[in-house]
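Engineer: Kindly produce the complete structure, drawing on both the sequences and the hints.
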Amino acid sequence: MTHSSSLEDTRNMAATLSGEFADLAQIKKQLISVIAQCKERGLVHSVKASELAFSLPSLPLDEVPPALPLTEEDALDLDALCLAKSYFDLKEYDRAAYFLRGCRSQKAYFLYMYSRYLSGEKKKDDETVDSLGPLEKGQVRNEALRELRVELSKKHSAGELDGFALYLYGVVLRKLDLLKEAVNIFVAATHALPLHWGAWLELCNLITNTEMLKSLSLPDCWVRDFFMAHVYTELQMIKEALQKYQSLTEAGLTKSTYIISQIAVAYHNIRDIDQALGLFNELREQDPFRIENMDTFSNLLYVRSMKPELSYLAHNLVEIDKYRVETCCVIGNYYSLRSQHEKAALYFQRALKLNPRCLGAWTLMGHEYMEMKNTSAAIQAYRHAIEVNKRDYRAWYGLGQTYEILKMPFYSLYYYRKAHQLRPNDSRMLVALGECYEKLSQQIEAKKCYWRAYSVGDVERMALLKLAKLHEQLNESDDAAQCYIIYIQDIFSCGEQLEHAEVSTALRYLGQYYFKNKLYDEASLCAQRCCDYNDAREEGKALLRQISAVREQGESSSTDLSLPIVFNPLSNTTTPVRRVAPLDLSSVTP
Amino acid sequence: MASVHESLYFNPMISNGVVQANIFGIKDWVTPYKIALLALLHEMSTTKPMALLDRRRLNKLILPLQQGPDLTFEQLLSTVEECCAPMVNAVKLRLFLMADRELQDMEHFFAILPNAFSDSEAYKTSVVGLYMRQMLLAYNKLSFSQVYKLYKTLQQYCRQGQRPPRDFSTLAAEDMELTSNDDPGADPMDGEELDAGSLHQSDLGCDEARGPLSQKQAEYFLARQAYLLKNDENKAMRPATLQEELNNILKFNPDFAEAHYLSYLNSVRVQDLYISTHSLLHYFDRLILCGGEGKSNGDEGYGRSLRYAVLNLATLHCRFGHYQQADLALQEAIRIAQEANDHVCLQHCLSWLYTLEQMKGSDSVTLTEDSVKMAAHFCLPYLASLGVQSLVQQGATQGIPANRLLDALRGTDVVHWKQSLSELVEISLAQTASIWRLYGKSTMAQQQVQLLLGMASLESVNYGVQQNNTEPFAIALCHLAELHADQGLYGAVGDIIKHLKQQFPSHTQHSKLWMLCDLKIQFEKAMNSGKFHLAEPHVTAIGALDSMEGLYRKAQLLRALNQMSEASKILQQVQQLGVKKRNTEMIIRVMLATAELHWDSSGFSASLPLLLQALTLTHTHNLQSLESETILHLAFTQLMLGVPEQALALVQAVLESVLAHGALLKKGRALLLMARCQAVLATSAPEELRLGKVEMAVQTLAEAAVFFTQLGCKPRLRDVYYLQARLYHTLGNVQERNKCALLFRLLNQELPPGSSIAATPL
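These protein sequence lines are chains A and B, in that order.
Number 549 in our numbering belongs to position 549 of the first sequence; there are no gaps in the numbering.
Just so we're on the same page, our numbering is the position in the second sequence counted from 1, plus 590.
Check before you lean on any hint, since a few could be wrong.
Calculated lysine-lysine pairs in the PhoX-like style (CA-CA distance at most 25 Å, straight line) [said to hold, decoys possible]:
| # | chain 1 | residue 1 | chain 2 | residue 2 |
| --- | --- | --- | --- | --- |
| 1 | B | 841 | A | 124 |
| 2 | B | 950 | A | 439 |
| 3 | B | 650 | B | 682 |
It is worth saying that the hints were derived from the structure and are not from the lab.
Structural biologist: See below:
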């Protein structure tokens, strides 16, 4: 199958929804029952389901689903299960496992295995702190995993595992780095119990590309649509993801905070800042004590330099819980915006202490170190980010920037290229590449980069200006003029005021260009517009004088030869200049 | 958010956002293997009466055991057993006593450990003393839970040693069964690994018993592999295995920057641009961090590694032949080195700059001279002699007088020996050999080659590396092969090529050298014996390795096949190329070949100016071998133009040098030519002297025949027999004449019919 047709397929898939969304009440019932099941087993994923259930209209009393009937085995294990669950909730996993060892019901078996698993994880974490030596840190393993795998695989081949146990088996396999097997088991888990979101989530983490996604046979259930949307976001197929979420909201899940947050994140990923900001504000209204995703929100506020909002958010989150990764990131962003970079770096460090695998914090910390001109620490932070996730384009870009600051443009080329590979349609990398090539006097490559940056939709609107200047340097005046024209059109059409806009430079050049090519009307037009800008006013006036001088000269030479030239300069100031229409350059657009 | 099962552990390695590879300040820590080793040392120092030989063997064992990676208990015991059998039981007993009882016993062992060393020959600062103290220090720093964990692992370690390796408990057996299909590392070493043979490599295959390498062990491993990569690639681990091992090290400690560098070297070895660039940059990113922590010179060290990072990138591109990229990187390195006033780095840049210029094929003599001057000024002997060597190489092709070149080389040799720059000594020897060969002094060349091959490497003591496989060795061996081929010793040539093939497998960097050499020899052999169809495939192969050489050989072949106009066209092409690349040797050879083409069309007078031009060139460039060749050509032309006296005089003038230094073929040809001249002169000689002169010609022919027979050069042998037969006929020696005629007839039937007599004029 060709690539384009496969893309087409995914589009179609994204648009359609499972038919089950017609009956929201049914979905709500399913949700309520699965939440209860998860709770009995100590699984915390039920929080997402609860969120979703909350967003749906509540059911009348007679329709609320009753608790699942107990089997005989359940009844036998009831006391042990109660006791063990209490221990489990107190995080005494070994104790819980001990009292469950003889139980036979599915529920008890799952809790038994799950406590053993969690006990192993806890011990592993504890041991990491006092391992025998630094090199041993990669060696610390959850010792329980192998035993669990053996037992679970036996039960699995006997077909005795239910959906939850399958999920646990999958988790164990993933932890043992047996990814292929893990995917199969998770798919089986989704078939056995499609409502259990945890299994879907684990599966999503294991999917690396669209081909893999297509090859899986997933159960046809409404949860699948949520899953697809989530995967699309992860795979950076934002358009498809947005489509999917859109249809989900249309199906009647408008109030779900989960969906709102996901859409907001998706907008953030494609840098549609306004949309994302609006959604996050809505989210905070509905769920004011939410901490999840707030780091993304703060990134947006940071980009827009909305200091008061960011500070309010930071205060708010600190009040809710100051020892959360997200909170630390928000505070870091806040300090960064206030240019207190040391403090910002401190908070990102704190975030990393809370979770060393937090990718965003590494990159952001790198940015802070860059601001502090501590290049070596910045390089280190970026490298760590790359170690956590090789596909983090911001870290690659940051490394490139660092080396560029160190005046090593050739060296930074490699990093920018890496970043460009990961985000082929991001103009920032292309502009950076172009700048490097320019510094290396590789003008041809630089021109290519700038043009490409413009073609993929220039975010910072710098590419054309740079391209024009490059043409100017190379004495390619026609090309330079065209670039300036498009640049001016671009700036005026986008409407917003950009700080770094160099319209005056463009106008100044265009004025001179037209003047040289004897297009005096256009030249004077440009010169007049020049006068609107402080830095170009003098030159604009000078040009205007020159133009009129030449005009007088031209007229005098062609029409009235007898008039001596000496008289004319004075009349220039008195005669009103022809009124011109607003800048209309459409006639010269390429 | 990530899955809830992601462990939210606190990473002790991070403080202030800077990850320190080594927060404890120790590079080593206690493992069960090390306890076993300590037990061994303890036993050694407490048991006083021991056979002297045993003690010596044990002492020799200590260092490799300390430096190497952790061994299993069994391996350790068997290694010790080879040296001293009673010691094994003592160690075993001590360890089992520790493992089978209480934690307290291990504590006790560490408590009494220093006592044993206090009054023995192991001083505090000795290797053993330091090791022991390090271990004690590391042990004392352990917390209770760590000590307990150590004790548990010690118990496991001993227990594994007690039973046969594959016999695990039932649970583990099932476990093994499950993991066996997805754990390729569990498979103990494949056959290829075995021939590497050393203690360290044989156990790398099996994964289970081996823990992660400690920093010291890893450093040792990297240093050893890097050394082997540089000096004897075949003894180093295979690229894939090495990469796997490196990945392993990096998995346990991602901050171990040196591993990235080795990975760079390793991927350059297999010509992998992608990974090598990646590893190189990663290494320097990491190194910058170490420099940033600032050992003594703080910021200075940081900037320094930046400069060398760019320089290394330039060399990488150079190596892959990306000259433009290399140029850009080099300029960048030069710029930042200039900004930092780092003269040493600038010198390195300069020496790379002229290398790059040379590779691009432009003139770099001035640059090189500058580089040598500056390097000498900054006391950088390595760079200075490298520059001199490069100058000598360029000088040799540009016809600088031989005495000056050799003087320069001798001057640098003194420096090399003083500073023990063994690498440069090797290069110098190989270069001298090449220069002697260029000048046509085969004996001198051979002597230099033998000197290089016979010289024990200065560093060979370290790892027992017997034979280096660096470029100088490859070049020297190629020279040796060609020199042997010249003398017709094809058996020896085959042996040398076989050795080269082993030392420099075809994927390695220097393999092209011997491939070209081998092909040239094969081609010559085929041409000499008149088997042109065999020579033809070699031409294509040579062209793939060296385009100019390939064209030249093609022209030769075409001429032999009587396709004169094509040959002439190609020769013109080669001439242009030679002028462009300033390859004087090739220009002269082309001139000679063109002259030969003129002969074929009987344009003898046309070939004279060419030959004279060639003669001037050979004179100015001291190319004696080519000079005598040119003179022989001139003599032949004169003979054909009807001046046999002059021709004979010319031949006799160069005969001495030809017989002394020339190849067999050349000797034979010179003699054949002389005989012809003698024969012609005999006809015009007075009656009474004629017979004597003919006799002389016959004798000369007989000598020539000997050379041609040795070489198996049948077309020329046929000519000799023909002439001999004719001369015997004049002498009236019927019996000899018939014999020669018979031999001629036999050869004539054997050879392809196309090549008539006198197709081989010279």
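Engineer: Determine for every hint whether it applies to the structure shown.
Structural biologist: Now for the hints, and whether the structure bears them out:
1. B:841 to A:124: 17 Å, holds
2. B:950 to A:439: 23 Å, holds
3. B:650 to B:682: OK: residue 650 of chain B and residue 682 of chain B at ~20 Å, within 25 Å.
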